[in-house]
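Q: Now for the letters of each chain:
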Amino acid sequence: MKKEMTGEEREKLAGIIHGYRGERRELIPLLQEIQEELGYLPREAMEEIANFLRIPKVLVWGVATFYNQFRFVPLGKYPIRVCLGTACHLAGGNLILEALERELNITVGGTTEDYKFSMERVACIGCCMLAPVVVIKTKIYPGMTPFKVEESLIPYKQDSLSP
Amino acid sequence: MTFREVEDKARSEWETLQNRIYITISTATCGRAAGALDIADLINKELARRSMEIPVIETGCMGLCYAEPLVTISKLESLRIVYHNITPELVPRLIDGYILGDDPCLELALGTLETEGENGPYIPELSRFEHELRLILRRCGYIDPKNIYHYIANGGYRGLDKALRMSPEEIIGKVKGSGLRGRGGAGFPAGSKWELCRTAKDTPKYVICNGDEGDPGAFMDRVILESDPQQVIEGMIIAGYAIGAREGYIYVRAEYPLAVERTQVALRQAKELGFLGDDIMGSGFGFHIEIAKGAGAFVSGEATALVSAMEGRRSEPRPRPPRLAEAGLWAKPTLLNNVKTFSYVPLIIEWGADWFSGIGTKRSKGTAVFALAGKVNNPGLTEVPMGTTLREIVYDIAGGMQNGKRFKGVQIGGPSGGCLPESLLDTPVDFDSLREAGSMMGSGGMIFMDEGDCAVDTAEFFLDFVTRESCGKCTMCRLGTLHLLHILEDITKGRGKMEDIDLLLALAEDVKGGSLCGLGSTAPNPILTTLRYFRDEYEAHIGEKRCPALVCKELIAYYILPEKCDRGCEHCVLVCPTEAIKGGKGEVKVIDQNKCSKCSSCLQVCPPEYNAVVKLSPISELPP
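Taken in order, these protein sequences are the chains called X and A. The numbering of the first sequence is my numbering, which starts it at 1 and goes up by one. The numbering of the second sequence is my numbering, which starts it at 1 and goes up by one.
It is worth saying that the hints were derived from the structure and are not from the lab.
Covered by chain A, according to a simulated footprint, are these stretches of chain X (three or more residues, beta-carbon under 8 Å): (1) 23-31; (2) 60-68; (3) 89-102; (4) 122-136; (5) 142-151.
Pair by pair, the computed Cβ-Cβ distance ranges are: (6) X:ASP159 / A:ASP536: 47 to 57 Å; (7) X:ASP159 / A:ALA506: 50 to 60 Å; (8) A:SER12 / X:VAL58: 51 to 61 Å; (9) X:THR6 / A:ALA331: 37 to 47 Å; (10) X:VAL58 / A:MET166: 47 to 57 Å; (11) X:GLU44 / A:ARG4: 53 to 63 Å.
By construction, the Cβ of each residue, glycine as well, lies at the ideal position given by its N, Cα and C atoms.
All chains, please: the whole structure from these sequences, using the hints.
A: And the structure:
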């Protein structure tokens with residue numbers, strides 16, 4: 001799964017770091033902006049941050065792994081977030097999760113081999129009245145059933161991966 | 001511009017809008033999930049196609065989340081009508097019916113909006129509004145959150161204008177006199193906290209708004225930031241002036257991108273009009289606010305942990321004292337309050353401490369905002385006076401239980417709270433009554449459960465959540481909760497022993513006592529309350545290997561009643577994801593229990609006139 005950063009990614013990284021002052025408190029905003037831009041946190045980027053903020057690399061790693069938001073492998077083209085908040089749980093959210101795992105043949109936290117789908121569970125996206133809810137990329141699918149899972153994936157599956 | 005001039009400009013802009021036809025659409029996250037953006041797009045297109053210039057305004061959430069997408073058409077000298085569950089097909093009907101014509105399309109309407117005095121609009125047709133008292137939600141869903149003039153025209157920044165002419169001590173006196181208690185959940189008196197910060201010697205001081213709403217099932221802070229962000233900002237500026245701070249931060253969950261975006265716009269506009277900056281409204285007082293985005297850790301909602309996160313560290317809590325008021329952000333005096341707490345401040349300054357303390361109960365003043373979800377007919381957001389009973393909330397506001405099922409319990413306050421049974425429906429909802437019942441206000445999320453929800457499964461769900469979210473600093477929280485979870489898992493999987501109940505009770509006390517922050521010390525609450533009120537369910541799981549609510553997978557089985565199965569249909573066979581159902585056309589269908597993944601698809605598709613699929617528990621009841 002690990003891959004080297006591309007030249008383009010390195011350029012983006014340099015551009016982001018350039019906008020910061022180099023203070024310790026900027027660590028989390030830096031990680032957030034890099035992930036937003038690159039889609040994940042490459043090891044090399046975290047090492048760059050450590051140099052820039054003049055703090056040990058292990059500290060950057062320690063903070064990045066603590067928070068749920070940060071990822072160390074790229075997401076699929078269509079990231080899927082399954083809500084498992086209380087309302088979604090009561091409405092059968094775990095059944096939806098299992099259906100997705102079956103459909104995509106990956107487990108939570110995984111990415112399909114073609115990098116098309118990746119799947120995460122989230123604690124609550126605040127749409128409890130529409131439970132159970134799944135988010136594919138940015139589109140929210142309310143009132144899911146295991147049966148609807150297959151159907152909702154079809155448009156994404158049919159799309160051929162862009163080169 | 002003086003404040004009067006800004007106010008006049010805002011009023012005239014608002015009045016111009018009121019004097020014409022305009023459309024509002026609720027496009028908070030909940031509205032978007034229901035498709036509101038598509039509807040907004042379509043309305044704009046349809047209007048353009050008819051060459052009509054009518055403002056289409058994106059608002060926040062009215063709290064009527066069950067009826068999204070909501071479209072409101074305001075017509076001068078005519079009824080202002082809210083339309084619900086609007087689909088793309090209905091858009092032309094609305095435009096040709098009520099915008100071009102005079103047909104109010106009542107078949108699509110939820111109710112009408114009328115403006116009544118200072119309290120803002122209400123919907124007389126909706127009975128829930130008779131029980132509600134909207135103070136901090138009163139503008140949500142009615143104004144454009146990205147237009148500061150809408151806020152000002154509806155009473156905004158009057159509190160700040162007044163506060164800047166008062167002394168900081170007077171302001172703190174008012175907040176104390178109002179009896180306002182922190183809405184983050186614990187209910188600490190806000191005025192006392194402010195005073196501690198004011199009298200702290202060290203400088204500079206900071207104001208932080210805690211918008212890290214991590215409780216599953218709570219979404220009121222999101223709704224306020226998405227619908228009326230200026231009132232939070234106004235409250236923070238007043239707080240900054242009162243305690244002597246010049247900098248403030250709004251800490252928002254990164255999972256709430258729209259709240260972040262709308263708050264950013266609000267901050268920019270407040271700055272442009274001189275409500276933020278170096279010399280606020282010519283008073284000489286300077287205050288600046290920045291947004292800090294959370295990175296997804298439930299524990300960040302805990303005050304000391306939040307400060308750690310803002311300093312760029314892992315959000316681990318630390319022991320108190322020192323309180324944040326003495327040593328908070330960068331070890332400086334810091335005032336940290338919740339989104340809702342700050343929202344009340346402008347009103348308390350403007351309308352007075354006595355007015356506020358006249359609402360609510362003896363020890364819990366003002367209103368409470370609740371997010372209603374779960375098995376009720378009308379989930380959404382509500383604001384009621386403290387002391388409203390649970391029964392009123394379930395039946396008068398949330399519209400009763402879905403499908404006529406029986407109310408079983410309500411989980412209040414997320415993982416920190418507890419599950420209250422039917423026998424406590426007449427409990428008044430306020431800080432102290434809830435604590436007495438073993439629950440707590442917490443974030444104000446309420447999840448309603450019916451007879452189809454399992455108490456043990458719910459407790460397991462919350463324990464699973466807290467074990468994932470424990471920061472790991474305290475052994476009892478890190479390992480104690482995990483042990484509790486494993487015991488619950490054993491019980492829901494049919495491996496429980498009767499002595500497990502005593503072990504749960506004993507360990508729960510240890511976890512409560514052995515944890516530094518609220519996450520660990522409240523983590524056992526869901527177990528303790530379900531054991532207190534639903535002990536028979538634990539015993540059925542352990543003793544009879546039976547899940548009375550038919551939820552716990554290992555203890556239930558799906559079965560097709562041969563006498564009810566209509567041989568002609570194959571719905572269940574077609575939807576079964578594991579090909580566990582056998583039987584061709586004209587044959588009785590049979591579920592292969594070894595293959596069944598218990599996904600409930602067959603139950604959902606079996607036509608209601610046959611009703612042939614049933615759930616059984618214990619599994620030993622399955623016919624051979």
